[in-house]
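2 protein chains.
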Amino acid sequence: MRKWTYAFGGGRADGRADMRDLLGGKGANLAEMANLGLPVPPGFTVTTEACTHYYDHDRHLPDELKPQVEEALAEVGRIVGRTFGDAARPLLVSVRSGSRASMPGMMDTVLNLGLNDATVEALAQEADRRFAYDSYRRFIQMYGDVVLGLDHHLFESKLSAHKDQRGYLNDTDMQGDDWVEIVDAFKAIVADELGHGFPQDPQEQLWGAIGAVFASWMNQRAITYRRLNNIPADWGTAVNVQAMVFGNMGGNSATGVAFTRNPSTGEKALYGEFLVNAQGEDVVAGIRTPQDLTEEARLASGSDKPSLQAAMPAVFDEFADICTRLEAHYREMQDLEFTVENGKLWMLQARSGKRTAKAAIRIAVDMVREGMISADDAVLRIDPEALNQLLHPTIAPHATRDTIGRGLPASPGAASGEIVFTADQAEEQKAKGYPVILVRVETSPEDIHGMHAAEGILTTRGGMTSHAAVVARGMGKPCVSGAGSLRVDYDAGTLTADGRTFKAGETITIDGSTGEVLAGAVEMQQPELSDEFAQLMTWADERRRLDVRANAETSPDARTARSFGAEGIGLCRTEHMFFDGDRIQAVREMILAEDETHRRRALAKLLPMQRADFVALFEIMRGLPVTIRLLDPPLHEFLPKASEIAEVAEAMGADAARLRERAQALQEVNPMLGHRGCRLAVSYPEIAEVQVRAILEAALEVGAKGGEAVEPEIMVPLVSSRTELEAVSEVIERTARAIEAERGSVPAYTVGTMIELPRAAVAAADIAARAEFFSFGTNDLTQTAFGISRDDAGAFMGHYVASGILPADPFVTIDQDGVGMLVRMAAEQGRRARADLKLGICGEHGGDPASIMFCERIGLDYVSCSPYRVPIARLAAAHASLLTRSSPELSPATPDGLPTLA
Amino acid sequence: MRKWTYAFGGGRADGRADMRDLLGGKGANLAEMANLGLPVPPGFTVTTEACTHYYDHDRHLPDELKPQVEEALAEVGRIVGRTFGDAARPLLVSVRSGSRASMPGMMDTVLNLGLNDATVEALAQEADRRFAYDSYRRFIQMYGDVVLGLDHHLFESKLSAHKDQRGYLNDTDMQGDDWVEIVDAFKAIVADELGHGFPQDPQEQLWGAIGAVFASWMNQRAITYRRLNNIPADWGTAVNVQAMVFGNMGGNSATGVAFTRNPSTGEKALYGEFLVNAQGEDVVAGIRTPQDLTEEARLASGSDKPSLQAAMPAVFDEFADICTRLEAHYREMQDLEFTVENGKLWMLQARSGKRTAKAAIRIAVDMVREGMISADDAVLRIDPEALNQLLHPTIAPHATRDTIGRGLPASPGAASGEIVFTADQAEEQKAKGYPVILVRVETSPEDIHGMHAAEGILTTRGGMTSHAAVVARGMGKPCVSGAGSLRVDYDAGTLTADGRTFKAGETITIDGSTGEVLAGAVEMQQPELSDEFAQLMTWADERRRLDVRANAETSPDARTARSFGAEGIGLCRTEHMFFDGDRIQAVREMILAEDETHRRRALAKLLPMQRADFVALFEIMRGLPVTIRLLDPPLHEFLPKASEIAEVAEAMGADAARLRERAQALQEVNPMLGHRGCRLAVSYPEIAEVQVRAILEAALEVGAKGGEAVEPEIMVPLVSSRTELEAVSEVIERTARAIEAERGSVPAYTVGTMIELPRAAVAAADIAARAEFFSFGTNDLTQTAFGISRDDAGAFMGHYVASGILPADPFVTIDQDGVGMLVRMAAEQGRRARADLKLGICGEHGGDPASIMFCERIGLDYVSCSPYRVPIARLAAAHASLLTRSSPELSPATPDGLPTLA
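These protein sequences, in sequence, are chains H and A.
Each residue of the first sequence is one higher than the one before, starting from 0 at the first, in numbering that gives the first Met the number 0.
Each residue of the second sequence is one higher than the one before, starting from 0 at the first, in numbering that gives the first Met the number 0.
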């Protein structure tokens, strides 16, 4: 006979913590506490198998279940000295669902089950009438709602009407008789609505509740939640039936919550609060001020209400002892719920406690020092993404938020400043000492100087990988992008939000971690990196296989990257150097050049500037590799907008008509798929030539000063075939030979390519014949593999993710089954063609923990990300190494070991 | 000892026609003719191995070569009764290069080698002085140019000066003494330029010429030609040394060219011309009017000069007999060169003759009827692409072409008409009865009505798969696209070409087969489809495995397609039905709708129109499958341009500001990668719902009339994942169920998807779980795999193809190694997941013969192309079947037999 019920309580249990699949999370947890001998109200769990049986057999429960439940219930009664349905000492129980994974959207709890017109009187005898009838009416309301399917408003409005009639303000004003009346009224509601009375038979109540839990597994909310979270429908849910305990039975009863360590700071000190003569929901409701648990905490808070330590010393000692035991048992900070019923402590819940990133790091490092966990454990316990909280200023937790709109959390951290609408205004106001927020419909490369000047960036269009988002993340500045409910009117100089209008100069705050836009300045909290943080990162570095580099081109960014532990530059976008100061003019002259001769003349002006940029970068990155990408964007990105042509033409002494004509000729229908990347180097080899010269001459210059040399890696973008790479490689080699002839030597360098087009991924073996490294440009690879422009994805991406068509925004987390498959194919084929091919990733995914795990699995050599994400990537890489090591089936793929597509 | 020379002549030869790799094309051919016992001037071939030896050994010839050449030369002398270098009866030879593949750009011929100051006198004795010295000066000039590297202008200007001095007009005015003087002058030029005299030693002359042939294999022109044509450098070239024969030795000598059948009509009749006392170049030069070969031809042409048949009856009979033998031997129409020297016929060349498409078909069909070749051979002999000549009007071969510019040959055929610059003008002028050419910078879907009205379309921007090109091919109208040297000024209403300006109303002609744009009207030649054409297509259909469908949406197109033999519609682009008449207004109302309710209201107006469209289409295509693609382009394509908003808003009674706002909101940075395809159906399921309803109701209506039913195939575009297809499939199924509920039945239909994104190709196994067919949209797949927008490719694609970075424009011929690999992967994986998955291709490649060969090899079920390309695709599919059958290594891939990527 199959075992359908697992008992717990009375110092033992049938189940264990590792039986989560069968008992659900809650059931397994209660069993574990009971096994530890902790005072858990006794009860039993109906297994998830009963649920699957229920659905496999047309919603019929197994025949064997009934006797097993009756037996389990009798045992619970024996432990507490009560009997289910007994009119003298009735056993009351709670019924709760509990699946393997936490699943909001399923049936709520039913408390006080077993109460009826008879047993309520017994309860009144034991405690008091007011308590008994209040409990009864709560039961009718909950049961009516979740089991009988009656709208809870029906009950609530009746209660409100009663209070209004009596002139009561709060439920605490209700007397015993009031509750008796309410119970009658509630029973009348049930009879009216259903045509039969509220079930008086406790057995009927119980089976009704068990059936409701199982039925709720297939309600629409649960189905949707499972679909969104990839939870299989055949997991089923368990049902937990447990004896009721009451914290509201008088002055010797209490209820409380606690954390075994401070969840905010991580300090090792019992932390929590409780209320005398109260139920759990009263603590949460916040109507009465809760009391501290420890004397130390009471003194610190200056409270005049006694601590649990002082008020119930025996209970406190027992509780503190349980805390220590649970922490030692689970080797993790615990979030606990307890109830004291007539001086007896009952543990209702123990689970891992949520905490801030700062607390998480302190707790993990402390636990290693206390010998509770290993350094591996400590590293694995910190969510890499959570480090974001530590690396940027954030809005103070208790600050008031006057939210005026919401966009995408495009770059973390928060900032306040005056609204400016143009990059030039940003610079001007910043120069005068005013912090500013640059507010634009969208940004373009011409806005870079304004983004540098601003504290944060807000756009009303564009996604997580729009220009604003990418550049802001690179700069480590907060950014909210695509705040579609806000309207920017450049002409009027206003930002309109939900009927409120803000002018240039007014102050707003953006929270790039949540996507919120707030009116006015808001209190901030500055980041501080603790010793524990440093310790954790050291442990992480000792454990990771993947190198972590940064995407950077400016000296400040490179310095930030190195200080955050970057092991080189994985992507230096040379075009970002083309917008500053005089350069943009030389770049425009180059674009307007009539022929190669004039183009070379303009390029000659750029050479010393680019060389100086590289000298600076190479100095900062001494001893490390620096990957420099040749010019990538289409040339029209460097030309002024239509409205600015006349002005720009005058400034550069060019003919406006010619400038306009050239701009029109360069215009593209789909610039993402246009004349860019290595196609520029093929069309205008002299551009690549000057860039290569600047790189190699800079490396020579830095090398000549002695000390560690850099390793320049010249990267050819947007390659689709070997022949294309060959054409550009010839230009690079020719230039290197020319420098060698002129100077007598040329620094060591390598030539590689971005793999950012599906065709390149497919032809990787062929391309690897000419490439010394591949850097996966997964931004563009995602755009082309999906055929989705990240600038235009806003129109549908939100719905795609929300409805589960895509599990995540593929621009944020790599799409392993599609884009990832292309990356894996290319890595595998590339390595076969060239065993020492260096493999890295430099798309936005290089800083995304899930994507880094993928990079580890397919055996890449490094990831490269924004400077501010370097610590996150270091930690994520350590996770990836530890997890692949512990799960052999996930271990880094060798070329031969990879599953093939065939 | 290796054999380095292969002799021919005197009724035998060492080589054979199938020794082309060793002897080159010319050498193998001469050997074959000699083996047949034909009168070939004797000679020998120095093998291609000698050439590779030359390059493998630092440009030294093999030691064994010299004695072998001397021996071969002596044998030639024995045959003709002469001796090389002999002052009495000197042997003169020609030296020609000859590689495996025809290679213009290599060394030209050297004739009359062996002449020197002594032997020229012997020649003068044999023939006459004038002839001898003319021959000698020709030799010095040719040898000086191609062996000694002297500029031929040096010689030509000397000859011109001489003629001026004497007052001669033509070379025929030159007398013997004149040529003697010229010979002296030419020798002086050589001595001046080189510091030594013209080589008098025939051996030195010979080795100089042989060395020059081998050296020319590595000249820049040859290297470039090989790179562009994928000819390996290690093939090398052969050298042919052959005894000279002279057609200019007097009235009993002649030279001529002939085709064994009429190369223009295919008629079985000897066709050609000759000149008495002339050399080959005189026939080509056209100074003297050549004479006909046969009496019949002379009578037909009305010539008063005797035919060869009349003038030299014995020679003619021998020649006619040789023609018959050669045709029978090669089983192919021959292009022949011959010379008569003092009454003796010599055959100089026999090769397959070039011919028009019409002639090719007639000849092939006739030869089958004559029992010379099999029907398989006949099918394989016709280049499918050549059928284009037959299906469209073309410019008459002898018409004068006043070319004013050139673009891409985007849609074949030629047309003349008045210039119009807008679609509306096109309609107006057409309505008045004037043929027009629509001239645009580029076209958009709004121009469709103008394209319908126009005889042809000319654009100055856009590639082979730009909107104009694709639509024009679909309509079977000539189109020249991307004519970048032309400028269109809409405001001025002018087209400017190379300094000439054409106004609206002036007539131009476009040749969509060549890309030429011509001033004025030009004489045309109308297509006519012969009985032989019908016979050939029947044979082709009997031999092909692939089905051929058409891309069509209008009734005329569908009718054309069916008349051309289409076996269904492979792609009906429903959006093309959205631009006509009232529809565009309903479409715009739908786009402007505030919510689903308003959108449904607008869609309700479209339903009867779409249904009527499908009814018409289904009637035409009874008994055949019709694949209908749901709405694909981004909605902004249906909105008016900025300049037309006010007008359109008024016409539709909408608010202009609202229309402008909506248009701005829908604007996209990269529309190709935007909110389109199935993303529209996911965002607005009601659009798909109405389209599906129109399809199914139309099928019901047509089915109700009895007779053969259509097989509607509903195709979901731009799918990237199974989940996306699922979301749209649910809408389709829901709609079908609704129709079934309303009408009691629903017609049979299938649901499938386009595979046009790299991610879909990678995830094909998963997608096939929900798709009953895949149609490869290789246009978009090429765009996304390469990351190249076809609208913007013009800036670099020409250079990429010209420089060999790409072997061909991948939008014209499928890129087998990249895009093709994705298609193959998807086909293979799809079939594994669903064995009966129907596979087709509906991109432009569906009509390209090379791509069709690829489709055959990977085992697709059908190709779909423009209606006018259906016959081409049918023939190409037959080729593909025959070729894969005859070459097992190319046979259609089975899922298990495919090479895998791993």
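Don't take every hint at face value.
Intra- or inter-copy, both count: the list cannot distinguish identical chains.
In silico lysine to any residue, SDA-like type, Cα no more than 25 Å apart, as pairs [said to hold, decoys possible]: (1) Lys-604 - Gly-652; (2) Lys-431 - His-195; (3) Lys-2 - Glu-527; (4) Lys-357 - Gly-9; (5) Lys-431 - Thr-506; (6) Lys-431 - Glu-618.
Worth flagging that the hints you see were computed from the coordinates, not collected in a lab.
Note that the coordinates shown come from a computational prediction; the quantities given were computed from them, not determined experimentally.
Hints, one by one, checked against the model:
1. In this assembly of identical chains, Lys-604 and Gly-652 lie within 25 Å of each other by CA distance solely inside one copy; the values are 16 Å within and 57 Å between copies.
2. Taking the shortest alpha-carbon separations for Lys-431 and His-195, neither the intra-copy value of 76 Å nor the inter-copy value of 84 Å comes in at or below 25 Å.
3. Proximity of Lys-2 and Glu-527 under a CA criterion of 25 Å is satisfied in neither setting, with 54 Å inside one chain copy and 86 Å between copies.
4. In this assembly of identical chains, Lys-357 and Gly-9 lie within 25 Å of each other by CA distance neither inside one copy nor across copies; the values are 39 Å within and 100 Å between.
5. For the identical chains of this complex, Lys-431 and Thr-506 are intra-copy neighbours only, at 16 Å inside a copy versus 65 Å across copies, given an alpha-carbon limit of 25 Å.
6. Neither within a single protomer nor between protomers do Lys-431 and Glu-618 lie at most 25 Å apart by alpha-carbon distance, with minima of 32 Å and 75 Å respectively.
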